Amino acid sequence: MAKVLMIEDDELLVKMYSTKLSMEGFEVDKVLDGQEALEKLEKNDYDIILLDLMLPKVDGFEVLEKLRVSSWPTAKKPVVVFSNLGQQTDIDRAKKLGANDYLVKANLTPNEVVEKLREQMK
Amino acid sequence: MDKQKKFSKLKNEFLDIAAHDLRTPMSAIKGYVDMMLSGDFGNVPDKLKMPLSEIAIASNRMIKLINEFLTISRIEQGKITIISKKINLTSMIKSITKQMGILAEKKNLRFCVPKLSKDVWVMTDPDKIYQVIVNLLDNAITYTDKGSVTLTVKSDKNVAVLSVSDTGRGISEKDQKELFNKYHQVSKNKKINNGKGSGLGLGLYISRLIIEKCKGKIWVESQIGKGSKFSFTLPLADNYRKE
Numbered sequence: 001m002a003k004v005l006m007i008e009d010d011e012l013l014v015k016m017y018s019t020k021l022s023m024e025g026f027e028v029d030k031v032l033d034g035q036e037a038l039e040k041l042e043k044n045d046y047d048i049i050l051l052d053l054m055l056p057k058v059d060g061f062e063v064l065e066k067l068r069v070s071s072w073p074t075a076k077k078p079v080v081v082f083s084n085l086g087q088q089t090d091i092d093r094a095k096k097l098g099a100n101d102y103l104v105k106a107n108l109t110p111n112e113v114v115e116k117l118r119e120q121m122k
Numbered sequence: 001m002d003k004q005k006k007f008s009k010l011k012n013e014f015l016d017i018a019a020h021d022l023r024t025p026m027s028a029i030k031g032y033v034d035m036m037l038s039g040d041f042g043n044v045p046d047k048l049k050m051p052l053s054e055i056a057i058a059s060n061r062m063i064k065l066i067n068e069f070l071t072i073s074r075i076e077q078g079k080i081t082i083i084s085k086k087i088n089l090t091s092m093i094k095s096i097t098k099q100m101g102i103l104a105e106k107k108n109l110r111f112c113v114p115k116l117s118k119d120v121w122v123m124t125d126p127d128k129i130y131q132v133i134v135n136l137l138d139n140a141i142t143y144t145d146k147g148s149v150t151l152t153v154k155s156d157k158n159v160a161v162l163s164v165s166d167t168g169r170g171i172s173e174k175d176q177k178e179l180f181n182k183y184h185q186v187s188k189n190k191k192i193n194n195g196k197g198s199g200l201g202l203g204l205y206i207s208r209l210i211i212e213k214c215k216g217k218i219w220v221e222s223q224i225g226k227g228s229k230f231s232f233t234l235p236l237a238d239n240y241r242k243e
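Just so you know, the sequences run in chain order Z and Y.
If you count by my numbering, then the first sequence holds residues 1 to 122, one letter each, in order.
If you count by my numbering, then the second sequence holds residues 1 to 243, one letter each, in order.
In short, the hints are calculated from the structure, not lab data.
You may find that some hints are simply not true.
Reference excerpt, derived from the structure (chain Z facing chain Y, CB under 10 Å, subset only) [what the hints assert, rightly or not]:
#1 10
#2 13
#3 15
#4 16
#5 19
#6 23
#7 54
#8 84
#9 85
#10 104
#11 105
#12 107
#13 108
#14 109
#15 110
#16 112
Derived DSS-like pairs: lysine-lysine, alpha-carbon spacing no greater than 30 Å straight-line [claimed, not checked]:
#17 15(Z) - 49(Y)
#18 213(Y) - 96(Z)
#19 217(Y) - 79(Y)
#20 177(Y) - 226(Y)
#21 64(Y) - 5(Y)
#22 79(Y) - 95(Z)
#23 30(Z) - 64(Y)
#24 64(Y) - 15(Z)
#25 118(Y) - 229(Y)
#26 116(Z) - 94(Y)
#27 115(Y) - 85(Y)
#28 96(Z) - 85(Y)
#29 96(Z) - 79(Y)
#30 95(Z) - 85(Y)
#31 57(Z) - 30(Z)
#32 79(Y) - 66(Z)
#33 213(Y) - 95(Z)
#34 98(Y) - 95(Z)
Here are some chain Y residues the structure puts well away from chain Z; computed CB gaps all over 12 Å [stated by the list, open to error]:
#35 7
#36 58
#37 105
#38 110
#39 150
#40 202
The structure displayed is predicted, hence computed values, not measured ones.
A virtual CB, placed ideally from N, CA and C, is assigned to each residue, including glycine.
Excised from the complex, chain Y in its bound form (with noise of 0.2 Å):
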């Protein structure tokens, strides 16, 4: 046990060096290729804007993942510190709506937020649980080709319970075992949304972590060919009124 806490411990630490002097290069990479379509080093003949794009794309990705696996490191070393206050789950839904429906509506799919009647209050973590609701919906738009992509906030009990719902092409039976697991991926189709669908599974892997940390839970229930339906619960703050 020494021995495997200790490796964990170096390979973290080497996450943390790793990631760190990797984002730099990264940096540079993203912003000479940004400039470059901008037009600040000249006119950019129209052959080399798709291979400056994917680049682009392609730059995007690596800092993605190396940020999911400098967030997973902090979290197993307990380095990230989760916060626990009160806030209203459904004005954040209302700023995180503006955005995503932006994105939905450039793949034409439908992004339905019911109107509550009442504000639901929950006590949690309000950037980390930012993190999840953008990352489920992200999920929920990127592997949606038609329909539409739905968020719904409701009370039970003593918890909320917010879900994404999509009518993508659902998850197996066998996918959706190991869906919140580290380094899943569900698909190995790399030519999904020009590769945004491809890569390491750390972003639900991250999700269930700061829910667990925020004492909730997360799970699928899917069909392929049906679409699927993402929920998480928090702790209902006091002063919350059922509908």
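Just chain Z, with the same shape it has in the complex (with noise of 0.2 Å):
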């Protein structure tokens, strides 16, 4: 069973996604500040990432930036960030500090999302 580390700030989405994240076989991890998700990235190990940038305490882009330059377990492991940013700045910010993907979320829905995730495990 893959494990996501689900990093995502408003609660109807993490309740959204986990649900289908579950259904789909994930086993599903969550937190909702960037604080919370370095401490659970730095003692854990996990699958995949799956990465909100507007978060309180410390932003994505921190968290991703403080990720790829560790020596976690989870350092190298796939990024996806999932944000309502959607400007090509952004995204080259994210993709510069080592994001392997960048979705919109208003974009996509659950079932493409979990495609995309597939796709980065493969």
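Hints in hand, dock the two standalone chains.
As structure tokens, this is what we get:
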């Protein structure tokens, strides 16, 4: 069972996506802010990370940056950014910091998001 | 003038916040409907399939509208960066053709893209121009019930001219004058294409803003009952060779 860390502060979306991901056979761990995300990433291992950018305490860009320079087991794991910030500058910045993919939340269905996660895990 | 600028700034800031906050609940509506239709919560009774599909279509329209408001707000505030790089317009058209061809096929429309003997290189922002071309093709397919949609590219002095023609219902002269303005809506008939043809007329306004920022021009030629042709220009890149 693939283990995913969902880093998302909107509880409405957390509930929907954790339900969907569980239905699709993922083991889901979830956190609501960037600080908690860093703590989880340091102490645990995941197969894939779903990362929002607009987060309380520490934003998604900083989480990604710190993850990639760390020596944690999760340092090189695939990170799929999942945000409503859709400007090319945001996409470029995330990719430069090491994001494997960038999904604009409002444009995708849960089925499409699951597909994108699976693509990164191949 | 100061008051107007201040009002415009406040309006755009409000749009940014509202659009951002509206997107999340819309994502939830769209998401749960998608899950229901996929059978994630059990078999969907036949009588519920149609209303659920309608909710999906309506929520997609809302999301599209919110995205368009955001785009306009950002362009008008100067927050959108327009980059200028050499791009192969011919290659871009090939990739757009694949996805739009499928849409045209669903409506039994011919989708024609004459082959060019040489590649056309332009100086422009690839993501923004991609958006404009998709918007024009999407409109042409939406507003054409039978016949064809054709995409052509040619060079004319220092510019490339891209045109999207259709055999649709055409646009009156009166509507043509207002077409690229904000909130213009050609047809008030909300039954067109399951309501896809209705809604605020933001797509062409956004296309005009983008083309103008890319140092081009956009215009339409049309007659009622005879179809429409939307064209825009882009500056040619230095190494373009004429056919």
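Structure-based check of all given hints:
The criterion of a C-beta within 10 Å of any C-beta in chain Y is met by residue 10(Z), whose closest approach is roughly 5 Å, and the hint holds. Because the smallest distance between the Cβ of residue 13(Z) and any Cβ of chain Y comes to about 6 Å, under 10 Å, the interface hint for this residue holds. Restraint check, residue 15(Z) versus chain Y: the minimum CB separation of about 9 Å is within 10 Å; hint holds. This hint holds: residue 16(Z) has a C-beta 5 Å from the nearest C-beta of chain Y, less than the 10 Å allowed.
Checking residue 19(Z) against chain Y: minimum C-beta separation of about 8 Å stays under 10 Å; hint holds. Checking residue 23(Z) against chain Y: minimum C-beta separation of about 6 Å stays under 10 Å; hint holds. With its C-beta approaching chain Y no nearer than about 8 Å, residue 54(Z) sits inside the 10 Å limit, and its interface hint holds. Contact between residue 84(Z) and chain Y, as hinted, is supported at the beta carbon level, the nearest pair being about 5 Å apart and thus within 10 Å.
Against a cut-off of 10 Å between C-beta atoms, the interface hint on residue 85(Z) holds, since the closest Cβ of chain Y lies about 9 Å away. With a cut of 10 Å, the hint placing residue 104(Z) at the interface with chain Y holds, because the nearest CB-to-CB distance is about 9 Å. Given the 10 Å rule on beta carbons, the hint for residue 105(Z) holds: about 5 Å separates it from the nearest Cβ of chain Y. The beta carbon of residue 107(Z) comes within 7 Å of a beta carbon in chain Y, closer than 10 Å, and the hint placing it at the interface holds.
Taking 10 Å as the C-beta cut-off, the interface hint given for residue 108(Z) holds, the closest approach to chain Y being about 8 Å. A cut of 10 Å between beta carbons decides the hint on residue 109(Z): the least distance to chain Y is about 4 Å, and the hint holds. Here the hint on residue 110(Z) is kept, as its CB sits about 5 Å from the closest CB of chain Y, short of 10 Å. Annotation: residue 112(Z) was flagged as interfacial toward chain Y, and the flag holds, the nearest CB pair being 8 Å apart, inside 10 Å.
Taking the CA atoms of residue 15(Z) and residue 49(Y), the gap is about 24 Å. The hint holds against a cut of 30 Å. Our distance criterion of 30 Å between C-alpha atoms is met by residue 213(Y) and residue 96(Z), whose separation comes to about 26 Å. With a C-alpha separation of about 21 Å, the suggested pairing of residue 217(Y) with residue 79(Y) holds against the 30 Å cut-off. In summary, the hint linking residue 177(Y) to residue 226(Y) is supported, as the alpha carbons are separated by about 18 Å, within the 30 Å threshold.
Using a Cα cut-off of 30 Å, the hinted pair residue 64(Y) and residue 5(Y) holds, with the two alpha carbons roughly 27 Å apart. For the hint pairing residue 79(Y) with residue 95(Z), the CA-to-CA distance comes to about 20 Å; that is within 30 Å, so the pair holds. A distance of roughly 29 Å separates the Cα atoms of residue 30(Z) and residue 64(Y); the hinted pair therefore holds under the 30 Å criterion. Note on residue 64(Y) and residue 15(Z): the hinted pairing holds, with a Cα-Cα distance of about 24 Å set against a maximum of 30 Å.
For the hint pairing residue 118(Y) with residue 229(Y), the CA-to-CA distance comes to about 23 Å; that is within 30 Å, so the pair holds. The suggested pairing of residue 116(Z) with residue 94(Y) holds, with an alpha-carbon distance near 24 Å, which does not exceed 30 Å. Annotation: proposed proximity of residue 115(Y) to residue 85(Y) holds, straight-line Cα distance about 24 Å (limit 30 Å). Among the hinted pairs, residue 96(Z) with residue 85(Y) is consistent with the structure: their alpha-carbon atoms are about 19 Å apart, no more than 30 Å.
Between residue 96(Z) and residue 79(Y) the alpha-carbon distance is near 21 Å, which keeps this suggested pair within the 30 Å criterion. The straight-line distance between the Cα atoms of residue 95(Z) and residue 85(Y) is roughly 20 Å, inside the 30 Å bound, and the hint therefore holds. For the proposed pair residue 57(Z) and residue 30(Z), the alpha carbon gap of about 16 Å is at most 30 Å, so the pair holds. Between the alpha carbons of residue 79(Y) and residue 66(Z) the distance comes to roughly 28 Å, so the proposed pair stays at or under 30 Å and holds.
With a CA separation close to 26 Å, the supplied pair residue 213(Y) and residue 95(Z) stays within the 30 Å bound. Restraint check for residue 98(Y) and residue 95(Z): satisfied, since their Cα atoms lie roughly 26 Å apart, inside the 30 Å limit. Consistency note on residue 7(Y): stated as away from chain Z, and its beta-carbon is indeed over 12 Å from all of that chain's, at 25 Å minimum. Every CB of chain Z lies more than 12 Å from the CB of residue 58(Y), the least distance being 14 Å, so the non-interface label holds.
No Cβ of chain Z comes within 12 Å of the Cβ of residue 105(Y); the nearest lies about 21 Å off, and the non-interface call holds. Here residue 110(Y) stays apart from chain Z, with its beta-carbon at least about 29 Å from theirs, past the 12 Å limit. Even its closest Cβ contact with chain Z, about 28 Å, leaves residue 150(Y) beyond 12 Å, as expected for a residue assigned away from the interface. Even its closest Cβ contact with chain Z, about 16 Å, leaves residue 202(Y) beyond 12 Å, as expected for a residue assigned away from the interface.
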